[in-house]
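A.B. asks: Chains as they are written, first to last, in the numbering used here: chain A, 327 to 439; chain B, -10 to 103.
Do not rely on the hints blindly, as some may be mistaken.
In silico DSSO-like pairs for lysine-lysine, Cα to Cα no more than 30 Å straight-line [claimed, not checked]:
| id | chain 1 | residue 1 | chain 2 | residue 2 |
| --- | --- | --- | --- | --- |
| 1 | A | K434 | B | K40 |
| 2 | B | K40 | B | K51 |
| 3 | A | K394 | A | K438 |
| 4 | B | K40 | A | K394 |
| 5 | B | K33 | A | K386 |
Beta-carbon label-pair distances, calculated as ranges [unchecked claim]:
| id | chain 1 | residue 1 | chain 2 | residue 2 | range |
| --- | --- | --- | --- | --- | --- |
| 6 | A | Y356 | B | S47 | 15 to 25 Å |
| 7 | A | T338 | B | P85 | 30 to 40 Å |
| 8 | A | E334 | B | H(-1) | 39 to 49 Å |
| 9 | A | P366 | B | E52 | 45 to 55 Å |
| 10 | A | S340 | B | G62 | 44 to 54 Å |
| 11 | B | M15 | A | T338 | 33 to 43 Å |
| 12 | B | H(-1) | A | K434 | 15 to 25 Å |
| 13 | A | N348 | B | R9 | 19 to 29 Å |
| 14 | B | I65 | A | P439 | 35 to 45 Å |
| 15 | A | N385 | B | R4 | 37 to 47 Å |
| 16 | A | K386 | B | R11 | 37 to 47 Å |
| 17 | A | L339 | B | L103 | 34 to 44 Å |
Hints in this document: simulated from the structure, not taken from any laboratory.
Nothing here was measured: the structure is a model prediction, and the numbers come from that model.
Glycine included, every Cβ here is placed at the ideal spot set by N, Cα and C.
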Amino acid sequence: GDSVTQMEGPVTLSEEAFLTINCTYTATGYPSLFWYVQYPGEGLQLLLKATKADDKGSNKGFEATYRKETTSFHLEKGSVQVSDSAVYFCALSDRGSQGNLIFGKGTKLSVKP
Amino acid sequence: NAGVMQNPRHLVRRRGQEARLRCSPMKGHSHVYWYRQLPEEGLKFMVYLQKENIIDESGMPKERFSAEFPKEGPSILRIQQVVRGDSAAYFCASQPGLSTDTQYFGPGTRLTVL
Chain A
327 GDSVTQMEGP VTLSEEAFLT INCTYTATGY PSLFWYVQYP GEGLQLLLKA TKADDKGSNK
387 GFEATYRKET TSFHLEKGSV QVSDSAVYFC ALSDRGSQGN LIFGKGTKLS VKP
Chain B
-10 NAGVMQNPRH LVRRRGQEAR LRCSPMKGHS HVYWYRQLPE EGLKFMVYLQ KENIIDESGM
50 PKERFSAEFP KEGPSILRIQ QVVRGDSAAY FCASQPGLST DTQYFGPGTR LTVL
């Protein structure tokens, strides 16, 4: 079945460092890909999405490019801030299914001042 | 436009009791998904409902769990005779329809079974 694998955390960075969180997927159809962010004690917020190959999703300085050839959707940010500390989830939605999301296990990011 | 509302935010139950979790989708959204997040894990799909219909319950345990989304009122996830393994965060998400695949999540209900 469909699945999402993301790099295990926790990831600890200093403020203004470059961030990469790797995400790869397995899907039989043509999924949409998402990054969600979860701040402590809160629900998930959509960070960015891409719906087809070579699309780039971007928001709040974060970017991810849908790479069909490598089945990847890595999250990047050029300069992280303390306020970016959260858990980041990669997910896919297979349009061939009923639209439910399949999530990776999450990567916890801590940014130190 | 208010976001997805869930209540209660925290729920404590003893083993054998019933837990009722409520989800009010965003205005105009007729599709609701329920997910469960176990400690240190990602979210797992449980059930997908539209008004008055269960569309996909393939992720929901066959016993003790049920869900509904009536014509009026919130969606309800019901867990009967709770056990310690049911302790988790339960999130619902809503979507306006199938023209978009973006889901909007509520803040979750954190269930603790003593």
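A.B. asks: Indicate, hint by hint, whether the structure satisfies it.
C.D. replies: Cross-check of the supplied hints:
For the hint linking A:K434 to B:K40, the alpha-carbon distance of about 35 Å lies beyond 30 Å, and the restraint is violated. Between B:K40 and B:K51 the CA atoms are separated by roughly 21 Å; this keeps the pair inside 30 Å, and the hint holds. Between A:K394 and A:K438 the CA atoms are separated by roughly 34 Å; this puts the pair beyond 30 Å, and the hint is violated. Simply put, B:K40 and A:K394 have alpha-carbon atoms about 35 Å apart, too far for the 30 Å limit, and the pair is violated.
The suggested pairing of B:K33 with A:K386 holds, with an alpha-carbon distance near 27 Å, which does not exceed 30 Å. Roughly 21 Å separates the CB atoms of A:Y356 and B:S47, a value that falls within the hinted 15 to 25 Å. Taking 30 to 40 Å as the suggested C-beta distance range, the pair A:T338 and B:P85 conforms, at roughly 38 Å. A hinted range of 39 to 49 Å for the beta carbons of A:E334 and B:H(-1) is inconsistent with their spacing of about 28 Å.
About 33 Å separates the C-beta atoms of A:P366 and B:E52, a value inconsistent with the hinted range of 45 to 55 Å. Range check, A:S340 to B:G62: about 49 Å between beta-carbon atoms, so the 44 to 54 Å window is met. Between B:M15 and A:T338 the beta carbon distance is about 35 Å. The supplied range of 33 to 43 Å therefore holds. For the pair B:H(-1) and A:K434, the supplied restraint of 15 to 25 Å holds, since their beta-carbon distance comes to about 22 Å.
Checked against the hint of 19 to 29 Å, the pair A:N348 and B:R9 fails, with Cβ atoms roughly 39 Å apart. One distance hint, 35 to 45 Å for the beta-carbon pair B:I65 and A:P439, holds here, with the actual separation near 44 Å. The beta-carbon spacing between A:N385 and B:R4, approximately 43 Å, falls within the hinted interval of 37 to 47 Å. The hinted range of 37 to 47 Å is not satisfied by A:K386 and B:R11, whose Cβ atoms lie roughly 31 Å apart.
Range check, A:L339 to B:L103: Cβ separation about 38 Å, and the 34 to 44 Å hint holds.
Violation of the numbered hints given earlier is confined to hints 1, 3, 4, 8, 9, 13, 16; the remaining hints are satisfied by the structure.
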